[in-house]
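*Asks:* Sequence:
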Amino acid sequence: VKNAFAQVPDVDILICNAGICYSGLMSMLPEEQWDRIFDVNVKGIYHCVNAAMGGFLKKQSGCIITVSSMWGQVGASCEVDYSASKAAVIGFTKALAQEVAPSGIRVNCISPGGFQTPNHHERFISQYSANTFLGRLANSSDLQGAVIFLASEASAYITGVNLPVDGGYTAK
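Numbering (our numbering), first residue to last: 12 to 183.
Simulated from the structure, these hints should not be mistaken for laboratory data.
Misleading hints may appear alongside valid ones.
Claimed, not checked - The list that follows gives simulated cross-link-like pairs (lysine-lysine, DSBU-like), each with its CA atoms no further than 35 Å apart:
| # | residue 1 | residue 2 |
| --- | --- | --- |
| 1 | 54 | 69 |
| 2 | 69 | 105 |
| 3 | 105 | 70 |
| 4 | 54 | 183 |
| 5 | 105 | 54 |
| 6 | 183 | 105 |
| 7 | 54 | 70 |
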């Protein structure tokens, strides 16, 4: 990732959407797993933003969108490492937004909730859906809409926010 932007020196919008997750008890969490989660979920964002920042600063404009998770806001049992890394993404976003706003660069975050994938079991789908205001998991259009909005001129005065895209799960 360190050299990911070597051939793309000038971007207007950067979306940092990498992430991995492991499930298991904290008491059985190997340090190597903790490090791997943070390397991908947090350090990956650092490298991407750092690589693109020169172009943003030169233009005195740009838009950075990071992707966290609702678990970064409320935590998830048996996903302490993932929850902590995604909370770090939210903190990174808020701090960077303050730092680069005088340079005309906006930095925002989206925090998806349960997302419809072929791998989810019916039990997860029904339990999650029952805990959202909208009564369902997110689909790709829900997430695309949030990203498109934050990347658009319609959000030109929005920076430093974490936008939950979780059907109201974390609003309770």
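*Asks:* In ascending order, which of the hints set out earlier in this document are inconsistent with the structure?
*Replies:* none
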